[in-house]
Amino acid sequence: MRVTLCCERGDITPRRIAEILGILNDGQWHLLAEVKKKMKLTDDQVKQIADFLREYDFVEINDADKKIKIGEDVLKFLSQTATS
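With the working numbering applied, the sequence shown corresponds to residues 29 to 112, in that order.
If you are wondering where the hints come from, they were derived from the structure by calculation, not from laboratory data. Don't be surprised by glycine CBs; every beta carbon is placed ideally from N, CA and C. Be a bit skeptical, because a hint or two may be false.
Below are the BS3-like pairs computed for lysine-lysine, each with C-alpha atoms no more than 27 angstroms apart in a straight line [to be verified]:
(1) 95 x 66
(2) 64 x 94
(3) 94 x 66
(4) 95 x 68
(5) 75 x 104
(6) 75 x 97
(7) 64 x 97
(8) 97 x 65
(9) 68 x 94
Derived DEER-like restraints, expressed as beta-carbon distance ranges [claimed, not checked]:
(10) 73 x 111: 14 to 20 angstroms
(11) 75 x 46: 14 to 20 angstroms
(12) 70 x 101: 16 to 22 angstroms
(13) 111 x 72: 18 to 24 angstroms
(14) 39 x 111: 28 to 34 angstroms
(15) 70 x 104: 29 to 35 angstroms
(16) 92 x 42: 27 to 33 angstroms
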């Protein structure tokens, strides 16, 4: 993934991606409303970032329940890099 791609999408910045992945780092489902509140974003901003992360398989989204969680492969990768 190129950083320029992230920045071409307005509210999607590397800092915001890192922030949302930090929130989801426990591997549990989180309400999108909770993520919105913690990150102080609008509904549209959260949706844009979540859709971007889903497009690249970083997260799973339960559209019916409006929940999001980090993808298993991403969680494994982050836990491996944190311990090395």
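Evaluated hints:
1. 95 x 66: The given pair, whose Cα atoms are some 14 angstroms apart, holds under the 27 angstroms limit.
2. 64 x 94: holds, 12 angstroms
3. 94 x 66: holds, 16 angstroms
4. 95 x 68: holds, 17 angstroms
5. 75 x 104: holds, 24 angstroms
6. 75 x 97: holds, 14 angstroms
7. 64 x 97: holds, 14 angstroms
8. 97 x 65: Holds: residue 97 and residue 65 sit about 16 angstroms apart, inside 27 angstroms.
9. 68 x 94: Since the Cα atoms of residue 68 and residue 94 sit roughly 17 angstroms apart, the hinted pair holds (cutoff 27 angstroms).
10. 73 x 111: 14 to 20 angstroms: violated, 32 angstroms
11. 75 x 46: 14 to 20 angstroms: With a Cβ separation near 18 angstroms, residue 75 and residue 46 satisfy 14 to 20 angstroms, so the hint holds.
12. 70 x 101: 16 to 22 angstroms: violated, 29 angstroms
13. 111 x 72: 18 to 24 angstroms: violated, 36 angstroms
14. 39 x 111: 28 to 34 angstroms: holds, 32 angstroms
15. 70 x 104: 29 to 35 angstroms: holds, 31 angstroms
16. 92 x 42: 27 to 33 angstroms: holds, 30 angstroms
Checked against the numbered hints given earlier, the structure breaks hints 10, 12 and 13 and satisfies all the rest.
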